[in-house]
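Protein sequences appear in the order of chains A and B.
Those letters in the first sequence? Residues 1 to 315, per the numbering used here, in order.
Those letters in the second sequence? Residues 316 to 654, per the numbering used here, in order.
To be clear, the hints were calculated from the coordinates, so they are not data collected in a lab.
One or more of the hints may lead you astray.
[As the list claims (entries may be wrong)] If you want a taste of the chain B side facing chain A, the calculated C-beta under 10 Å gives, among others:
#1 Ile417
#2 Ala419
#3 Glu427
#4 Leu430
#5 Ile434
#6 Val442
#7 Phe447
#8 Leu500
#9 Pro606
#10 Gly649
#11 Arg650
Every residue, glycine too, gets a C-beta built ideally from N, C-alpha and C.
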Amino acid sequence: MRAEREDAGTAAEGGPAGERPQPIGGAAAELRAGGAARAARGAAEILGPRRSARSLLYGVWYVTEHQLVIMRSYFTTILMGSVLNPVMYLFAIGVGIGAFVNSNAGGRGPGGVPYIVFVGPALLASSALTVAFEESAFPVMAGFKWQKVFFAMNATPVTGGQIATGMLLAMGLRVAFTVAAFWAFLAAFGAAPAAWSFLAVPAALLGGLSFGALIVAFASGVEDDEGWFTIVQRLIIAPMFLFSGTFFPLESLPLGLQWIGWISPLWHATQLGRVATYGLHEAPALVAAHILYLGALQAAGLFVSFRNFDRRLSK
Amino acid sequence: MKRDSTHRNATGGGISAALKSVALENADGSLISARGLVKTFGQLRAVDGIDFSVGKGEAFGLLGPNGAGKSTAMRMVASVSKRTGGELSILGMDPSLRGPDIRAHLGVVPQEDNLDLEISVRENLVVYGRYFGLPFSYLRPKAEELIDFAQLREKAREKVDNLSGGMKRRLTIARALVNEPDILLLDEPTTGLDPQARHVLWDRLFRLKEAGVTLVITTHYMDEAEQLCDRLVVMDRGHIMAEGTPASLIREHSSREVVELRFGSGRNEGTAAAISAAGLLGEGDRVEVLPDRLLVYTQEGEATLARVVASGQRPITSLVRRSSLEDVFLRLTGRSLVE
Ligand SMILES: Nc1ncnc2c1ncn2[C@@H]1O[C@H](COP(=O)(O)OP(=O)(O)O)[C@@H](O)[C@H]1O
Ligand SMILES: [Mg+2]
């Protein structure tokens, strides 16, 4: 193979193409000013007779890896957010609101635990969903409309479905990082007393992934109007934050409003988190329902995303 | 990824498909072959039944004005856009069945740069190479090689957002070479660049052409087509109007020389009639009226101009030049290439 590469180089020098399809590597190597290290083996040789084989297998990971390279460029921001956000909330609630609520309820908040213990898992799940929104909505709009990077990815052997999945996976990693940091602060504040409280991390991650998958599905379906960001934030995220059993138990809402919690991924993720952090008594069937519901949302989101990505990329 | 039908077929092909792809050319020996290729958007027939083929090592051009359907044709060849009708075979494969397999062998420079603006020049090259399944051990030295090729050595660590238009364009071309493609597709490689940046780019593309790389180029600049293409088709409104080398197209569809005459607004039409009537034109010569000037197509420009002046016509300005692809397009469609 080494000899063939040299042949290619010679053919390039001579001008006309040789018998075999002329790999540009030979040409580009020829063009180099000289001195830079030479790629030891050509792309064709590395990739073998079926050149798309590795992309078929690992395409999803390449998309994720790309997103991680982007995140590395603003890692400081991510780190600051992941530290400041929980500290701010836990301080305000633990010291301020919590003291007020607890003193009015004889030292106990809703559910018979200190208020910060009750609210902690809800804040954890909220942070997961917030990050999931940011890391889905904006990158997907950028990929299709602003920088159009998805079209660049799709010019390689990678497919629309792989791009959608890879974006979701990258978002999941970012959510996992945020949630793990948040949980560490919860534990440090004594707001996650149960021994198995770390299980709140996968619970919040599951919530973030389901919500993120829905946002990816939605963002990939919107072609023109960009005003929907504000609409989603004000009409979906804000009410979800307020009416998902975040600051008070869902049961204390009038029955006519409780459905908001039932459909909200935030409520399901929060309840799972409460089971983990302080042993909230939830029937096993209900725990299973929370998990299944979040899983189903995620599957639905992915399904629609696949269709949208394929449709938009193959126009 | 399992939902992509292209994929399922591609994987279903298994070993026999992999063996077939070793030939990497169409049955007739070409690399790209289109027969009756059609693409519609709703009612609009953006590409309306075109035939062309591109051979190994050839620099092939699609020349036509905005909206002719060049980009649409190019996206189908790039094996991303699904064709509405007709036949298309690339490297012996059908893009609607084996898109990923074909794309693995292509380098694509789209009309609009779609670089990742948030990361550096070098990261763009490496990240893009990863999508082809290439390892870092290959990509690190390759990125350096391509940075030199694109003359971006000083900008290697710079965020792409901070690059000029010409630099971004060169980076896009360099990126398209990262997988050492068998065919390089360039959609309007120099549109929107200033003359100096265009010449730098042409120089890069020339080197690739000399190295025997198979190129497909779309453009609405006739000088670009003349400089870079061995062979080209002239496209208009989804159709191919003519095909040939730049020289043969000019020979077949235009005269050897052109006299450009300006008589001032409102006077061109009348003067054209007068020139024809006065028998000032040679055998096969003809006059074309544009809003701002007359074009006299003739074998002997200087002699024709002398006859016009001798007849008492006083053009404000006059110019004798050789025919170009612009004249071919005007002859074929009655319109000019760049509005
Ligand atoms: N995605 C699309 N949806 C609808 N119409 C399109 C789309 N892409 C191109 N067109 C239309 O198809 C025609 C050909 O466009 P295009 O291939 O971009 O031409 P060119 O590249 O020669 O300028 C134009 O009328 C354009 O508006
Ligand atoms: Mg175009």
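Margin query: B:Pro606 was flagged as interface toward chain A. Is the shortest Cβ-Cβ separation under 10 Å?
Written below: violated (36 Å)
Check: Against chain A, with CB atoms and a cut of 10 Å, does the hint on B:Phe447 hold up?
Finding: holds (6 Å)
Check: Given B:Ala419 as an interface hint, is the shortest Cβ-Cβ distance to chain A below 10 Å?
Finding: Cβ of B:Ala419 sits 4 Å from chain A, so the hint holds.
Item checked: Closest C-beta approach of B:Ile417 to chain A relative to 10 Å, hint status -> Check passed: Cβ of B:Ile417 comes within 8 Å of chain A, closer than 10 Å.
Note to self: Next item in the hint list is B:Leu500. Is there a CB on chain A closer than 10 Å to its CB?
What the structure shows: It holds, given that the least Cβ distance between B:Leu500 and chain A is near 9 Å, below 10 Å.
Margin query: Under 10 Å is the threshold here; is the Cβ of B:Val442 close enough to any Cβ of chain A for the hint to stand?
Written below: holds (5 Å)
Notebook entry, point to check: Holds or violated: is there a CB of chain A closer than 10 Å to the CB of B:Glu427?
Noted result: holds (7 Å)
Check: Holds or violated: B:Leu430 as interface residue toward chain A, Cβ cutoff 10 Å?
Finding: holds (7 Å)
Notebook entry, point to check: Holds or violated: B:Arg650 as interface residue toward chain A, Cβ cutoff 10 Å?
Noted result: violated (28 Å)
Notebook entry, point to check: If you take the shortest Cβ to Cβ gap from B:Gly649 to chain A, is it below 10 Å?
Noted result: Violated: closest Cβ of chain A sits about 31 Å from B:Gly649, beyond 10 Å.
Notebook entry, point to check: Minimum Cβ distance from B:Ile434 to chain A below 10 Å?
Noted result: Given a least distance of 6 Å, the restraint on B:Ile434 holds.
Checked against the numbered hints given earlier, the structure breaks hints 9, 10, 11 and satisfies all the rest.
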